[in-house]
Structures are given as structure tokens and as C-alpha cells.
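Working from the sequences, and respecting the hints, build out all of it.
Residue numbers (the working numbering), protein chains in the order written: chain C, 4 to 389; chain E, 4 to 389; chain X, 4 to 389; chain W, 4 to 389.
Errors might be hidden in some of the hints.
Listed next, the in silico DMTMM-like pairs over lysine to aspartate or glutamate satisfying Cα-Cα at most 20 Å (straight line) [stated by the list, open to error]:
#1 X:Lys239 <-> E:Glu237
#2 E:Lys119 <-> E:Glu168
#3 X:Lys34 <-> W:Glu57
#4 W:Lys11 <-> W:Asp86
Stretch by stretch, here's where chain C covers chain W in the computed footprint (C-beta under 8 Å, at least three residues) [said to hold, decoys possible]:
#5 64 to 75
#6 182 to 196
#7 233 to 241
#8 335 to 347
#9 359 to 369
Covered by chain W, per the in silico footprint, the following chain X stretches (three or more residues, Cβ under 8 Å) [unchecked claim]:
#10 94 to 106
#11 147 to 156
#12 183 to 193
#13 211 to 220
#14 236 to 250
#15 288 to 296
For the record, the hints were derived by calculation from the structure and aren't laboratory data. Every residue, glycine too, gets a C-beta built ideally from N, C-alpha and C.
There are 4 protein chains.
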Amino acid sequence: MTELAAVKAALKTQAVETPSWAYGNSGTRFKVFAQQGVPRTPQEKLDDAARVHEFTGVAPTVALHIPWDRVEDYAALAKHAQDRGVRLGAVNSNTFQDDDYRLGSICHPDAAVRRKAVDHLLECVDIMDATGSRDLKLWFADGTNYPGQDDIRSRQDRLAEGLAEVYERLGEGQRMLLEYKLFEPAFYTTDVPDWGTAYAHCLKLGDKAQVVVDTGHHAPGTNIEFIVATLLREGKLGGFDFNSRFYADDDLMVGAADPFQLFRIMYEVVRGGGFTSDVAFMLDQCHNIEAKIPAIIRSVMNVQEATAKALLVDRAALGEAQASGDVLGANAVLMDAYDTDVRPLLREVREEMGLDPEPLAAYRRSGWAERIVAERVGGEQAGWGA
Amino acid sequence: MTELAAVKAALKTQAVETPSWAYGNSGTRFKVFAQQGVPRTPQEKLDDAARVHEFTGVAPTVALHIPWDRVEDYAALAKHAQDRGVRLGAVNSNTFQDDDYRLGSICHPDAAVRRKAVDHLLECVDIMDATGSRDLKLWFADGTNYPGQDDIRSRQDRLAEGLAEVYERLGEGQRMLLEYKLFEPAFYTTDVPDWGTAYAHCLKLGDKAQVVVDTGHHAPGTNIEFIVATLLREGKLGGFDFNSRFYADDDLMVGAADPFQLFRIMYEVVRGGGFTSDVAFMLDQCHNIEAKIPAIIRSVMNVQEATAKALLVDRAALGEAQASGDVLGANAVLMDAYDTDVRPLLREVREEMGLDPEPLAAYRRSGWAERIVAERVGGEQAGWGA
Amino acid sequence: MTELAAVKAALKTQAVETPSWAYGNSGTRFKVFAQQGVPRTPQEKLDDAARVHEFTGVAPTVALHIPWDRVEDYAALAKHAQDRGVRLGAVNSNTFQDDDYRLGSICHPDAAVRRKAVDHLLECVDIMDATGSRDLKLWFADGTNYPGQDDIRSRQDRLAEGLAEVYERLGEGQRMLLEYKLFEPAFYTTDVPDWGTAYAHCLKLGDKAQVVVDTGHHAPGTNIEFIVATLLREGKLGGFDFNSRFYADDDLMVGAADPFQLFRIMYEVVRGGGFTSDVAFMLDQCHNIEAKIPAIIRSVMNVQEATAKALLVDRAALGEAQASGDVLGANAVLMDAYDTDVRPLLREVREEMGLDPEPLAAYRRSGWAERIVAERVGGEQAGWGA
Amino acid sequence: MTELAAVKAALKTQAVETPSWAYGNSGTRFKVFAQQGVPRTPQEKLDDAARVHEFTGVAPTVALHIPWDRVEDYAALAKHAQDRGVRLGAVNSNTFQDDDYRLGSICHPDAAVRRKAVDHLLECVDIMDATGSRDLKLWFADGTNYPGQDDIRSRQDRLAEGLAEVYERLGEGQRMLLEYKLFEPAFYTTDVPDWGTAYAHCLKLGDKAQVVVDTGHHAPGTNIEFIVATLLREGKLGGFDFNSRFYADDDLMVGAADPFQLFRIMYEVVRGGGFTSDVAFMLDQCHNIEAKIPAIIRSVMNVQEATAKALLVDRAALGEAQASGDVLGANAVLMDAYDTDVRPLLREVREEMGLDPEPLAAYRRSGWAERIVAERVGGEQAGWGA
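This is how it looks when you write it as C-alpha cells:
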């Protein structure tokens, strides 16, 4: 197989999971701008996600969020997905929208609230059993707003205890993916604020516990690809929540703010063997002002383009330049791949996959956008609180 | 008058404006935690604000937010305030919560939306006429989320045009306070992102246009007291929106995150003559998880303490050390004031003002908290969308 | 002229000024790593700069730094340059390396030190007269390290006074370019920390005073292209000091850290008419660990590539998408230009200019690198202190 | 023992290690301003450090830096210290100032350079054997400036290998303290950039490897006290390098930029048992423009004041408020301690220790400053390169 053929083959196997909630309404604390045609049910979210996969060919799974996607019959939901050509993916828990969680969930000072939070997480594993999902994705909004509000260390103890109970419940082949975030909604301490904290907890829990990197959850200046390389080296990179940001956790389309950074991240994934392992590539974005389905298609394409560039890096030449201390030469090898316009290559890949080479144009022609606006009338649109 | 007497006299004249919306519910994009006893009407907000003034003695005015505080009869609202010992303060506009404002208000590409936004601002001046308010406070959520989304420069042109129309409408003794903010809710460009932009616009508008500094609206590392000193030097500091933050626009209680910074800011105010001029000192905070009225009382006290310390700086000694290039000596003079425990002094000030020396304890004893929980049942609690 | 021909024509007229000091040694506070073949005299720096222009065709001028490039006979220096095909460019002052400047220069509390600093600036204008340089570039290291160390406002007064004296000295056709910087070497206040401060001073000085944007001198998260658009709109953008950074003022090669940002900046330059005006495009970088001449060639090429992409933006399509509020469409128009591989176009441009299409390869083949290592033996290598 | 007596007793046992290099000249990359009276030898640095201990009573040890403090006879150096009432403390390695280290030391692509670096570290352990020092403090300047320059993961492998060899060499009772730093002098990747990386390496090395927290080495917004609490909980906090910063690694006097943060850090130390354990409290500062010995005395006092406030926190009341979810109450308990003026208490403590209550005044009266200016004439002043 030629090198280019190998790159193409790799790109054809790529899988980017889209999140059910990105198809619903979202916004900032100032305003949620509702859009027409937004899904009203988990089933309709899957219908939209299926369109993304139909036109990109690399978005085969859909992440659920409980309780936003709570249904009576998860097997039926899985069937609904399957009928449309997609599968259910990671199950995301929610321990931040109940009034009880004002001061935290699994780290709350009150044992009763902690019990409730852990029970919810256990319920999520039950749902995973029903859906056949591999990954339980845990993001905790837990933290404090004011110095002294709660004891930093005690909260870590509570976190460790709660995680351990959930970990024990995981079945064969199931994983716990622990996400970290610098801040928001907590504004002084966050109980899992950085990769180090997530890593330390996962290490103690065991092999089924892995760290998930949300690309928008770091302090300014953080070198994310370094974290990716380190977690891969430690065997602890469980997956990504992709999005992009100029400021804080802006949740813009991945690749929109700093495409070079996305490329560098994907290069470390490729270099560290993450592309062919169990690392989960997920989107976690908010399309507050732009059309949601096209934005998600575009995001998937952005990940593809960054991946294609990463796969095109001439690693032999790079290694040689690095070994000889040729700073400019090594940088030039990397930049040569980045500067390449990979869109023609991806058009070829799509055609070889039997897809339209232009996913966005194909989606627009499909009439889906008009159809959902016409059909999804009445009911309550999905959103973060739905 | 001794120096201490002068400090006390200054502290007794201090006036911190509290915002009506801080008495209502607020939250993050993830969740608004409702609290018991929260006001349901502008009148009830004024009732709460009156308590803050009653116990602190230095919170005599209340900022309104239109449309959140829209009433039929503003004169009656002013009377309601007056009957409770407070007055109506700045009028804050809102051009970010209507569906039309998805892509901006006064900077929107569509002239019709801009017209609507400017009309709202003009309405706010009408309200100022009715309430006798001096200040129109303008914060624009306008901006873009994606590179290319709109033309940066054209948006500035539109901004200038809209502001000019509103400026013309201002009456004698009325002012326009233009606020800047680095980001949020816009995540790529914000149309008034920094003091320089606000200053440039105000300069062209004229003397009635002034810059307002929200202490939470800067990039990491920004030296806020430098901006304060500069704006005072330029005669362009209109006022403050006080709050504090560890990360972004966290809107925590002022002085809670970095009390030394608040002190440095107040020192520049004192040094630059801002304390005895028309600079408006306002709070703009969100009490998402803590009890609102006590949090506002505490915030007012924090401003008092920082002011007291700033007033206590031995400026003669400071000037001497500065002039002689004594780095450590000059710093020590400033720190000596900061390290002073001014709470005893403020207790004295309050007693001399006929107040309880401990505002929070007095508030707690007053029974107000229990009363509003008992009485404010039913109706819709005030919040950002109310 | 077709559109592509117009783009090519524009690219052929581009001019990027390289700084004499970038050819000398530089480093961090921890270590300056000396390189072989580094110039020992201003003349040798010009010799190197001439190579950069020879191979790129778009680096016709060289910025001087006084006193590092102080010579007896500036006319002879200008002739030296001319003989090698380049010209002398902006004159950069230095008011930070004399022991007298420990607490500042033009803002120093001691009038004698201020006098010395202003005299140095006046001397720089004398040199401009001799070299025929248009621009006096002013960067002040002035500031304080500790709160209270000096009076923020008094320092502004001193700054204004000093600048006014120098401004008066400017001849016909000469300009003063005022640079701002967030921090370093001052670590608490910097006397010209942001574009607003530089702008306010330039506004008062007059038309010959303009702001210079160093791309590495901003707080994290600052939107630089917004500043560029604003300064162009105000007629106050004098020029750029290009470099790139991941953290602070890292002074890496321009385009190395965030090529998308450089493209966005160049787009605003093109959109705002800055590309065909008097805006000066200068490099200001430190090649601490990489070979200097190739790094500078690469930097010039990076600016060219970003400019080419900016010129390729389909502005009609962009304007249409923006006007119609098509967020994704407008973003896609911009990204389409950015994603284009412009290296083939630039190879064509170079060939049409009679240059080798691959400047770095041509430089390597020229033997210059080996020659300077062989010839520049003995003497004292140029560096920041030379 | 009353509570206050316990606080006093704790304060009397406090030990803050001062670094030999802080007594020498330092600066920024722009300029090192030499000061009069600066030590010229390791012995003279110890003489100065002895003054700091003499007047504060809590600075009994002095950190060495190799090769800056290299001597023929370390036993004699230890004796020199002992004769002046102080002891030799941690040994700091230097793998960043040799020309060989341009591309790194222990992580360098070339095995020969790595060998040299490891040999230097082993030499440092030899010196520890001679001086009786407990701690080897390792800070690596290793990293890269450009994407692609070297392989992130391979550098981690080299780091692990080098550390393991040094770890094996440690004797009974000796420790390895691994410091992390976000950036500088490397500007793209740093090989030990965050606590997570340092922690992961220390975990694999064993109990003698511990993390050291330099308070200036974090990304903007990082919650340092959270890291302190976490490392204490993990049993992996080896010590502190204290200093303060407004921007990057400014190396200002500890407590000068954010005294509230220093208090919060010290509170976590107290709460986590770090104050009575083997945690090393060291200064690592640069007194670029201020007098060095008084600055160090002031820094030691700042640590004392923060510690005193931390010890004064009413932990019973705090715990109660935290357990009951009283956000404002818990915060108030913490703030009550912080707002206390502890200078009178510390004056008492000093008097009970037989010291002058005002260390800076006593130092000034001692005539030491004048004496060293008079006596230390000729020779080469100590500095980072000495």
C-alpha cells in the first residue's frame, strides 16, 4: 500500500462521535436563541445525527446525555439509531441541573446529595448496559465560588469515594471517562480542574478509568498537545471532547479558532498511537447562533482535515531533523504538512466511500433543513434543560 | 479636622449603587438556582435594596434594568423608592435578550435591528427623564463568534452612528456611560472589547459620554488600576461596575477574589480625584449560590474597607519615597495602609452615622430574610429574563 | 488585470523590514547562546539583511537600533546598505540599558534621567536626518515592579511631556511610532501597556504620531486583528512589529505559533487599506536557538503567505454572506482562502520577480552561511548589549 | 497552651530558606542592573543570608546553586555558614547555562548532552553528601521553541531515564524535588510544564521524589492552593519556591502581588499538615531593581504574616459553616483571619524570640548595608552567570 493509500485508508476508518445535545438549543447565561426545526425528542436528535453521518461517513455514533435523553426504552432508542445508520455512543451524566446540586454533587458536603449523585451515575451505567455503550463520560460541575466555602481536600476525598463506587459497577468492556475543566460554572475551585487531578484519580481507580480532554477546558497558554502526548504515554487518554475557543470554554466549532492547534493535537494522537486505539473522538460544542446541523458537519470536516494533515507529516524526515537538532528543518517538515490543502484529498476519500465530495452542499441539497422546519412544529424544543 | 476625621468624613459620604437585578435570580448557562424570597417585582427589588442601605448607610441608590424593571409609572416607582429611603439610579439598557439580537443590536448588519436597538436606548432616556436618573449605562453584547462572520470595521461604523443618535437625545445633566467587555456572550470579536475602544467612541461623542470600568471585564493580567488612573487623567472615567473574578466575568462579590487589587483601584480613585467627583460606584454581581441581600451588604462593606485603606495611605510619605526612588520604601507605605485592619474604624463610622456597627448581624436580626421567604410566595421570581 | 494578477502584483510590492538586531545574538534572562558567523558590526548586519532581500525580494529595508548600531558616519552606513541593494529603515531608540534607567527613562521620577532619555530620542531624530529614515520607533521599558513604587499618573504626565518635545523635533515626512507592551521588563505597571494608552498619547501629539502593534505584546486572549481594524479606522496604525508567541513576548518567528491569527491580521490590513498605505511592516524577533538568517527568510515568507491568503479572500462573497447574516457561509468564505495552499502562487510570484522560487534552498546553496562562519572570526559578536 | 500561644509557638518554629543567588545580581533579558555591595563569593552570599536570619529568626538555611556556588571545599563552606548561625540547604542544579544545553539537557536529543547533564546532577548529590543537604532541587529549562522541533514523547522518555539514574544515587534521607514551570526559557513546549507531569514522574520514581511548587510557574488563572491541597493529599508536596507575579514568572517578592493568594496557599499548607511536615519553604526571587537584603527580609516577613493569618483561621467555625452549606458564613470565617492585622502578633513573637520586633529597621540600623558597599570593592559580583 502506498503512503497516500495508507493515509486514505486511515481517514476512511475515522469515527467522530456527535453529541445529541448539540442538535438542540444552547446559549449563554444571557440568552438562548431558539432555532427553527430543532429536535424535540431524543429520537429527532438521532435523526439529525444520522444526516451528519450520511453526508460525512465518519460520524457513526451519537453520545447521549442523561436526563436530557431519558427514554422509557433504551433498546428501542438504539434500534431507532440503527435503523438510521448510526449507533448510540457514550452516556453523559448530569449532576448539575437539579436544585440539590447548588453546592456540588458527588463532592457536596451533604452525604444525601452525594448519594443522589452517585445513584444517578449508577443509573447511567444501567443505561449503558441497555444501549450497549462502552463509555460513561463524567463531567462534574462541582466546585466552589468563594475561598473558604468548602474544604478543598475533603471534597477530593468525597470525589474519590463516589468515583470508586461507580467504577465498581462498570461491566466488562465498559469504561469511565473523567473530564476536567478549569472553571465554570464554579468560579473559585473546581474539583477536577486539570488533567493532573483527573489522572491521579483514574490511576487509583484502575484501567477502566481514563481521562478525557475537552479542548476548551484549559487555562490560557496551556499546551494541549503536550497533555495529549503525556496521557497517551501513560496509557490514560480515554478520549476527546472537541470544540474550540478564543477565551474560555466558548464551545465553538472545533478548528474554528486555532486550526494549527487542532493539527498539532492530531499529530500527537497519530504519533502516540491514539488514532488506532480506543481513544474516543467526540464533539462537544454549542451552536448558539449558527445553524446546528451544518455546523456539526463542518466540525466533523475540520477534524478530518486536521487528521489528514497529521497523517501526511513525513515522520521519517521529521525524526531525522529532530535527531540532528535542526530546529528550522524539523519545524519545516511539520509545517509542510500543515500548509498542504487537504481538501482535494478528502474529496477523493469521500468519493471512494461512495459519498458526495462536498458534504455541506449535499446536505443543503437534501432538503432536510427545510423539512425539519416544516415538520417540527409544536412540542418543546430540546435544549440543555430539556 | 484631623486626618482620621477627614477619612471618616469621606467614608460617610460614600455612595455605592446596588443593581436591581442582583436581588433577583441569576446563574450560569448550566443552571439558575432559584432562591426563596426573591423579589417578583421591581418594587420588591427596591424593598430589598432599601434594606442594604438601611444597614450600611452608603447604598442610597438603585440601578434599574430595562426591560427587567419596566413599569407603567416610573414616577410611582421613584416614589416607592423614596418612601423606603433610597433613590433610583442609573438606567441600564438591554439589547441582548430579544430574538432579533442574535447577531447583534446596535452593530447588527440589518438596519432594522439597529433601529430597534437604538429605539430601545432612546426609550431608556425617556425613562431617565421620568425617574430623574443621571446615567444611561450601556453594555452591548454585540460581537461575533466566528472569524469572517461580520465585518469588524463596519460594525464600528454602525456603533458610532447609533451612539451618536442616542447621545444627541441626552438632556442637560444626563450622561452616557459606555461599558467595555473582553468577551461573552460573543466569543470571537466583541464590539466594545476594551477601554481604548470605549474611550475612542466617548471622545468623539463629547463630554457627556464616559467610560465605565467593570472590574471583571478584562483580559488576564490586565492592570485595572492603570486604566482607572488613565481614564481619570483623561477626564473620561464615568463609573465602575464592581464585582470580582478569578477567571473570566465571574461576577463574584467585589473584593472576594483579590482584595488587594480592589484596594489598588480605590487608591487610584482617591489619588486621581475620582472619589469626590461624578464617578459612579456601582455593583454588578451575580449571587448564584449565596444569599443575595447579605452578599450585597458584604460587597458594600468590601468596597468600604478598600476605600478606607486607600484613604489611609500616607500620601506625603509615599510621594517622598517615590521621588527618591526608594522602591521598597514606597511599596511599604502602600502596604502599611493595606495591612491595616480597618474594620474597627468602619464600626466607628457606622456608629457615628447612627447605624449598627455590624451591618450583617443587624440585617440577620431584622427578620427581613424570614419575612420575604414567608411573604413572597407565588408569582414569578425576578431573574435575568424577567 | 485579472484578480489573480492583481494579487500577484500586490505581493510583488510587499515590503517587510528586517531588524538589524535579529542578525545578532539574543537570548533569555537565563542564557544567550552565541552562534557562529554572527555579525560584529552594523555593516555586517546589513550584509546579512541584504541576503534576506536578495532571496525573498520583499525585504528591502533594515531597521537600526541606537546605540547598538551607532556608527561615526551614517551616510556611509546608508551607502553600505545601498551598495548591497537594501536601504536603512526605522530608527529604534534604546532607553533601557543604561544604569540610569533602572527606574525608567522618559517617565523616571528624576528629571535628570528624563532629560538624558529625551536627549537620546532627539539624537535618534538626528540620525534619521542622516540616514533618511522616515520612522522613529519608540518602545519604552518604563514601568514599575511594585505597587506604590511610583505614581502611575505622574509618570503619564512625564511621558506626555517627553513625547511632546521629541514630536516637535520631527522633520517633514518623519513619524513617531509608539509601541505598547503589556509587561516585561516591568512587572507591575508598564507606562505604555496597551493600544489605548499609545493611541491617547498619539492623538494629542498629532498626525505624525502613530501606534505600532507588536503582535507579541498583548494580554492572553486579546483579539489583535480587532485592534488593527480599529487603528486603521482611526487613521492611527503606524506599523507592525511582527513575531509570534505562545505565552508572553516570546519573540518567535512570525506565523510560527498561530498562522491563522497572522492571516486574520493581514486580512484586516488589506480590508482597512493598510496594505497600500504608509503602514510599516517590520519584524521584531529573537532567534535564540535557530539559525538567524534562515529564520528571518522563513519569517518573511510566512508574512508573504498570510498576505497572499488575505488577498485571496473573496470579499464580494464575504460581504454578501455577512450582510445576510449567514454565519457559517461568511466564515467559510474566509476559511476557504486560509485553507488554500499559496506556496505554488508565491513560487510563481518569485519567478516572475526573477528570484529563485525557493528562497531557503537558494540561500543554502549560496554558501553565505559557511562564508560568514569562516570569515567572522575574532571581534565581538553583536547582541542586545553591543 | 491557649490557641494564641499555639499560633505563636508555630510561628517560632517556622523556617524559610533563602537562596544564595537572590543576594547576587539578576535582571531581565533586557538588562541586569548591578547593585553596590553585592557578594562576590558564595561565602559573602552566606554572610548576607546570615543577616536575614539574624533579624528575622526564621531563615536558618541557605540554598546553593551549582555551579554558581561551586567551591573547592564544601565542608569549609558549611562551616562558614555555621559560624554565622545558618546552615546550607537545598542544592540546586543548573543544566541551562552551558552552550551544550541549547536544545535541552536531560531531554536533549543527543545522548552525549544527556550524559553531561545527568553527570552534573550526580555531582550535585556528591555535593549534598558533603554539605549534609537533604534536598536536590531540579528545575529543567528543557523544552522546545517551535512545533516539530523535537518529539514531545521521546523527550519524556529521556527525562524519565535521566531522573531514574539520579534517583538511584540518592542516599538515605536525601530527596529529589522536581519543579515544574509553564514556560520560559522554552516557548513552545516545556518538558515539565505542570504539576501533573512532575507528579507522574515522581510517582514512578518513588517516595524520595517530591514535587516542588514555584508560585510563579503557572498559567493565568491557575488555582495554586488547589494544587497544594492535592499534592499534600497525595503525599507528594516536597516544597515551595516562593515569589510573586502579576504576569508570568516575574519573580517579585512573595506576597507583593497577591497577598490574599499567599494566605490561601498557607491555609492549605496548615490544613493539610504541611506546616509540620517535611515540606520545604524556600524563596526563589529576583530583586532586579530593589535593594536585595531588605527585599529578602521583607519577603520572609510576608511569608510569616500569611502564615500567621492562616494559623488564626477558626477552623472549628469554618468546618461548621462548610458542613452546613453556609457559603457566606464560611467565607467570612476565612476572611476574618485574613483581614486581621497580624503585625502586632509578629512583633510579640519576635520579642519573645529575643529579636528586634522590626527586622527591617534593625537591619538598617546594623550598618551592614553601608559596610558591604564599602568593603566589597573589586572582584566580580555574583549573578546568574557567575
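Results for each hint:
1. Distance restraint check for X:Lys239 and E:Glu237: the Cα-Cα separation of roughly 19 Å lies within the 20 Å cut-off, and the hinted pair is therefore satisfied.
2. Annotation: proposed proximity of E:Lys119 to E:Glu168 holds, straight-line Cα distance about 13 Å (limit 20 Å).
3. Of the pairs offered as hints, the one joining X:Lys34 and W:Glu57 is violated, with about 34 Å between alpha carbons and a cut-off of 20 Å exceeded.
4. At most 20 Å may separate the alpha-carbon atoms for a hinted pair to count; W:Lys11 and W:Asp86 exceed this at roughly 28 Å.
5. Coverage of a stretch by a chain is defined here by at least three residues with a beta carbon nearer than 8 Å to that chain's beta carbons; for the region 64 to 75 of chain W and chain C the count is 0, and the condition is violated.
6. Counting residues of the region 182 to 196 of chain W whose beta-carbon sits less than 8 Å from any beta-carbon of chain C gives 6, enough to reach three: the coverage restraint holds.
7. Closer than 8 Å: that is the beta-carbon criterion, and the region 233 to 241 of chain W has 4 residues meeting it against chain C, so the requirement of 3 holds.
8. Proximity of the region 335 to 347 of chain W to chain C, defined as three or more residues with a beta carbon under 8 Å from a beta carbon of that chain, is established by the 4 residues found.
9. Counting residues of the region 359 to 369 of chain W whose CB falls under 8 Å from any CB of chain C gives 0; the rule of at least 3 is not met.
10. Check result for the region 94 to 106 of chain X against chain W: holds, 6 residues qualifying (beta carbon to beta carbon below 8 Å, three or more required).
11. Under a criterion of three residues with beta carbons nearer than 8 Å to beta carbons of chain W, the stated coverage of the region 147 to 156 of chain X is upheld, 3 such residues being counted.
12. Residues of the region 183 to 193 of chain X with a Cβ under 8 Å from some Cβ of chain W number 6, which satisfies the need for three, so the listed coverage holds.
13. Counting residues of the region 211 to 220 of chain X whose C-beta sits closer than 8 Å to any C-beta of chain W gives 0, which falls short of three, so the coverage hint is violated.
14. Only when three residues or more bring their CB closer than 8 Å to a CB of chain W does the claim for the region 236 to 250 of chain X stand; here the count is 3, and the claim holds.
15. Requiring three or more residues with a Cβ within less than 8 Å of a Cβ of chain W, the coverage given for the region 288 to 296 of chain X holds, as 3 such residues are present.
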